[in-house]
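Student: In case you want the letters, here they are:
2 protein chains.
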Amino acid sequence: MEIEYSNIKVIGFDADDTLWVNETYFRDAELEFAKLLAPYETANTIDQELFKRQIENLPLYGYGIKGFILSMVEIALELSNNTLSNTTVEAILNVGKDMLNKPVELLEGVKDVLSELSKGYKLIVVTKGDLLDQERKLEKSGLMDYFHHIEVVSDKKEANYSKLLNHLEVKPSEFLMIGNSLKSDILPLVNIKAQAIHVPFHTTWIHEQVATNAQDHKKYRTLSNLLEVLPLLKTPLKSKV
Amino acid sequence: MEIEYSNIKVIGFDADDTLWVNETYFRDAELEFAKLLAPYETANTIDQELFKRQIENLPLYGYGIKGFILSMVEIALELSNNTLSNTTVEAILNVGKDMLNKPVELLEGVKDVLSELSKGYKLIVVTKGDLLDQERKLEKSGLMDYFHHIEVVSDKKEANYSKLLNHLEVKPSEFLMIGNSLKSDILPLVNIKAQAIHVPFHTTWIHEQVATNAQDHKKYRTLSNLLEVLPLLKTPLKSKV
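If you're matching them up, the sequences are chains A and B in order.
Under the working numbering, think of the first position of the first sequence as 65, with each following residue one higher.
Under the working numbering, think of the first position of the second sequence as 65, with each following residue one higher.
Hints in this document: simulated from the structure, not taken from any laboratory.
This structure is a prediction, so every number in the text was calculated from the model and none was measured.
Heads up, a few of these hints could be off.
Identical copies go unnamed one by one, so any copy, or any two together, can satisfy a pair.
Unchecked claim - Within a straight-line C-alpha distance of at most 30 Å, the following computed BS3-like cross-link-like pairs (lysine-lysine) qualify:
| no. | residue 1 | residue 2 |
| --- | --- | --- |
| 1 | K161 | K227 |
| 2 | K227 | K186 |
| 3 | K204 | K175 |
| 4 | K282 | K186 |
| 5 | K283 | K298 |
| 6 | K298 | K175 |
| 7 | K235 | K183 |
| 8 | K204 | K247 |
Given the sequences, and given the hints that come with them, work out the whole structure.
Tutor: As structure tokens, this is what we get:
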């Protein structure tokens, strides 16, 4: 089956690792955290324990850097058997602050793609994480003007997307989501019969990794670079607006 | 000047301390925090230092409980001169977790007012803070069905409201905001020529306190109880929908 995009009216973009680098900063922070806790545990155990705690804390803290910092402090106390120095606690807090202060590094082709698509489609950002952090990144990115609307959601499940489409007053078949996470940006859309294009990033958080089946694969496209969406969506502008 | 509400189409409600108790939980947490740090400083200094740090961290952490927890840990390290025990760090994290797990306690009249007004107006929630935390509270509150839309904003300044009204496609004169904070829920609305009704809560965070002038006072109403909005907004339903 050849996938067609002729009905699309609104295109949703994931932000982290679709428009700009994000996961890389988490990996760097985890390395720094493992160094700080090297006196107490192997890097592997530290990584595993931190991941488990993040997932445990997810219902309470949600996605984003602040919850990540809090989980790091908790795990550090435990792995050190409550012998953590105050300077290490401070260093962990600073790992988090550094993450929040990171510059926004756009991925290849982002500006060109947004500039071109914004001429014919309504573009929105659909992202999960800290509201303030995402707004700050969007502002730093210089991409604000391309987007009609920013939707920060607490999770990216089918229900969240259905609610969003309702709110936007578009049918599933008129909505295309573009993102790097199969679990968050692609499969929920396939399931509600909207369109989705997968543009993988080189690193994916374990929590975002999912198994897919051949059946699903036929329902969305995978591209190796965002720029490849342009020839797929090139249609007379008039029919779009 | 008698204020008229005959043009109103959309009513925005603040959430914390307008629909449910919130600030009280922060005051309780501050008391607990002061107890934990009692070996190092007076309660007064602890309060002041924590407040100053919250404001300093606001651009980075934003509003909400997670940023509050992180600021408590920072201040505890400093006031103890880096002699804080690991169990105290843990206790501070738990003060925060307890806050996130608090039940939602509705304020007087909320259900009646929403049930009545939802018949004739589009109701939305406009709140700042952690997205996940606010969504969780709204779900716990059982008020979800009364609202057309939940808008969690990173700040409540004039620009945030103007953007919201644009997005909702209503004119300022068609929008009424109801809330407990003069600074966040009332004055920005007065400034963009929308309507606002002030329903004070018994406790207000210092950061939300502002001086007002007599001129502004003429442009919004102050009620002592949310139920008092009903007679003001009672108009034939047909003209509203």
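Student: Quick one: K282 to K186, C-alpha cut-off 30 Å, is that within a copy, between copies, both, or neither?
Tutor: within (26 Å within a copy, 41 Å between copies)
Student: With 30 Å as the alpha-carbon cut-off, assign the pair K227 and K186 to within, between, both or neither.
Tutor: both (17 Å within a copy, 17 Å between copies)
Student: Are the CA atoms of K298 and K175 at most 30 Å apart within a copy, between copies, both, or neither?
Tutor: Classified as within; 16 Å inside a copy, 50 Å across copies.
Student: Go through the copies and call it for K283 and K298: within, between, both or neither, with a Cα cutoff of 30 Å.
Tutor: Close inside one copy (20 Å), not across copies (51 Å); limit 30 Å.
Student: Evaluate K204 and K175 at a C-alpha cut-off of 30 Å and name the case that applies: within, between, both or neither.
Tutor: within (13 Å within a copy, 41 Å between copies)
Student: Can you tell me if K161 and K227 fall within 30 Å by alpha carbon in one copy, between copies, both or neither?
Tutor: between (33 Å within a copy, 29 Å between copies)
Student: What label fits K235 with K183 when the C-alpha limit is 30 Å: within, between, both, or neither?
Tutor: both (21 Å within a copy, 27 Å between copies)
Student: What label fits K204 with K247 when the C-alpha limit is 30 Å: within, between, both, or neither?
Tutor: both (27 Å within a copy, 27 Å between copies)
Comparing the model with each earlier hint shows no violations; every hint is respected.
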